[in-house]
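Participant: Each chain is listed here by its residues.
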Amino acid sequence: MSTRFTKGCGRIGASLLLAGAALFGSTTASAQNAVVDLNVTLSPITILYYFSTVNVNVSSAAMAGMLCGTGTPSAIYNTSAANCDVGATGSLAATGGAGGLTANGNIGTSPGGFNVAAVPLTLQNVWAVRAIGGSSPNTTVSVAIGASNTLTLNGAGGAQKIVISNPTVSTSPNTSGNGTTAVTFADPGLVNAQPGNVGLTLDLTNATTSGVYETNASGTGASNYTLTVSGT
Amino acid sequence: MSLSALLPLAVAISLAGSPGGSRLASGIPLTRAPLPWGAAVMETLQRSVQLQPIRVEDLAGAASVASGAASATAVAPARAQLAATYATPARATVPYIQRDLGRLWRLTVPASAHGPTPRVTATVESLRGEPGKLSLVGHEEISIPVLLLENAPVVRADTNGTTVLEGGFALQIPSSALERAGSYGGRLVLRTEGY
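Heads up: the protein sequence lines correspond to chains A and B, in order. All the letters of the first sequence, read from the start, carry residue numbers 1 to 232 under the working numbering. All the letters of the second sequence, read from the start, carry residue numbers 233 to 427 under the working numbering.
The following block holds chain B by itself, in its conformation from the complex (with noise of 0.2 Å):
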């Protein structure tokens, strides 16, 4: 468990306010097991997110993209000039780029745990805080669009009665918003509800 997930974790326990609530003195669970107080606990699997580099490849397939045969009639411009004009043979790229970002998150919910099945949300922040962008690194007034997808968790359930949800999301930044090669960055904010 990275520290950036037990920051929150603490935080989260001690909002509980069960009546169990005083055995949190003891300190933060440092395993997975079913926590007697009934509360599901996030974690992450992942610290930080180095996507796979935005290459030519994402976008055309290919450097240099041959679009084919091309007829046209010349015309004579001006005197002792042809001239004869093509459609561009330029093609559209594709409409976005699209990154899997892994498992993310872990929820561990004990048996005793009722009421909604619990969930994770995420949004992406800039390092300016601005929701649904990345920022380029060293220049973070440029941003980029991002959109993030959530993946269906894999849902298992341990010996011991708890289920165990594991989750991840998918990036998809449209090809339109890349304006400048770059290093971008940014957070995602994981957030539980419905417990």
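So that you can see chain A by itself, here it is in the shape it has in the complex (with noise of 0.2 Å):
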């Protein structure tokens, strides 16, 4: 017992000790502080990002999906997605002759559900934005048909083309406007973009042959639509 008090009380003198020296031991320490008022200002922020050129490959394979939709094909077909299985023809009633029998599927020419002056085409992720602040806390994207609504082949300006009309705008998931030319959204901050669609409507009739679908032959050129961005 003895010995710890003793040490106990060696630990205290040298605690004592320290104290002085910090107070009274030099004629120099000291600390002086200060103070600095800061503002900064964060504007209101839109960023709009967007491809200046979209190419879109249309396979063969996609045009047979667009005419046949996603049925699936049968072994009579082949498993090829370029075969069309249309469905059960019902009871062919056969007719006999010289040559045998005759039964006719009355398969049609024309695929249902299908306009070729009229296909609608999505550009997913064609576009985002970046927002905070403004005169509200939404942001909203429209789009038109820019300067050339004409693709042709090759860019050369012929007969062959495809004509670009009707432009909307969508965003995921579903906003106020999804599928028109506007599209309403929450300002997405700073960090995570907001992705956004544009959706454009396809005459073919006038596409029978098969290349590269331009506004003209150099490829750039007049915008076939274009994004704006409002809100802030």
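Okay, derived cross-link-like pairs now, SDA-like style, lysine to any residue, Cα gap no bigger than 20 Å in a straight line: (1) Lys365/B - Leu283/B; (2) Lys365/B - Thr353/B; (3) Lys365/B - Asn33/A; (4) Lys161/A - Ala222/A; (5) Lys365/B - Leu333/B; (6) Lys161/A - Leu151/A; (7) Lys365/B - Val421/B; (8) Lys161/A - Ser148/A; (9) Lys161/A - Ala312/B; (10) Lys365/B - Asn39/A; (11) Lys161/A - Thr205/A; (12) Lys365/B - Asp37/A; (13) Lys365/B - Thr41/A; (14) Lys161/A - Asn115/A; (15) Lys365/B - Ile286/B; (16) Lys365/B - Ser43/A; (17) Lys161/A - Thr220/A; (18) Lys161/A - Phe114/A; (19) Lys161/A - Asn55/A; (20) Lys365/B - Ser375/B; (21) Lys365/B - Val35/A; (22) Lys161/A - Gln313/B; (23) Lys161/A - Leu121/A; (24) Lys161/A - Val56/A.
Stretch-level coverage of chain B by chain A, calculated; a stretch enters the list once three of its residues show a Cβ under 8 Å from a Cβ in chain A: (25) 299-307; (26) 329-340; (27) 400-414.
The following label-pair restraints were derived from C-beta to C-beta distances: (28) Asn57/A - Leu380/B: 49 to 55 Å; (29) Ala61/A - Ser415/B: 54 to 60 Å; (30) Pro363/B - Thr175/A: 37 to 43 Å.
None of these hints come from the bench; they were simulated from the model. We put the beta carbon where it would ideally sit given N, CA and C, even for glycine.
Starting from the two chains in their separate frames, assemble the complex, guided by the hints.
Facilitator: In structure tokens:
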């Protein structure tokens, strides 16, 4: 007991000595504080990201899928996506003749639900927005047809062409105005950009030859659609 | 010298506890003349710092950013429909915004001073006193973190033998913290060390 007491006293004595040195032992030690006010303004910010050129490769498989939908190819037609299973025909009445039996399936020559003059094309994730602040907590992106609505084969300006119409914008998840010319969504902030899509209607009536369809031979120049962002 | 600098200066001198301390009764020194009792003196060179606003140009260079050409192969998600999916054109923003606060402080060290080289450190406090943050004015519960970077001080010697150090800081604000537009405020608290 006495030993521990002695040690304890020694620690107390040392502490007092150090404190005394800090307070009185130096003629220059001191501390000075000063305060400066800081102010910075974060302005409303909206950033629209977009592709200046969008190339779409429409393969024969995509064309076949567009014509035939997603019906399961049957064994009869093999499994090629280029084949189009239009379902059961029902009973066919065979007729006989000298050459044998004939049964006419009367398969249609125009695919159901497909209008070659109005093929919807969705370009997904071709724009994105970061935004904070502004006159409202929302941001609106709108779309319009640009200076040129016609793509010609190899940009040559001939009869082979695709005509663009009815531009729309949309976002995911669905927000106000999806599928129209203007979509409005809550300001997404500056970290995660809000991605968006552009919808176009293609008139393929006069596109009967495969190849590259573009505004002009250089592949640049007049825009086909224009995006505008507002709400800041 | 601003008033905000004078007040802490008076406190600092009274704490010096030097034999010459009795001469403090004559008042706070109004010039940067060497102090006979050997204490260094800090003064602020700016009372308030209004930083350049943070604009879209700081984050992305422009309000609309073209990402060049993109290509994709269309699929038919359903009958009579085509769709092509692209990688997002959004680019990463700069990781942080940096603002130079300029020269903020001056430390005058008399020739008679000895000991470690004095230095000035600083911390940022929000309007609610939170360290390392600035508050959204009017909504002080909202704050953004900031990082203070020390600029190397400029040292020069006066003809009377005193050494004068002038220094400042830069402020870094992470872009990911910028969620609300508006005016942000706080305090920069400067402290002297090492003498």
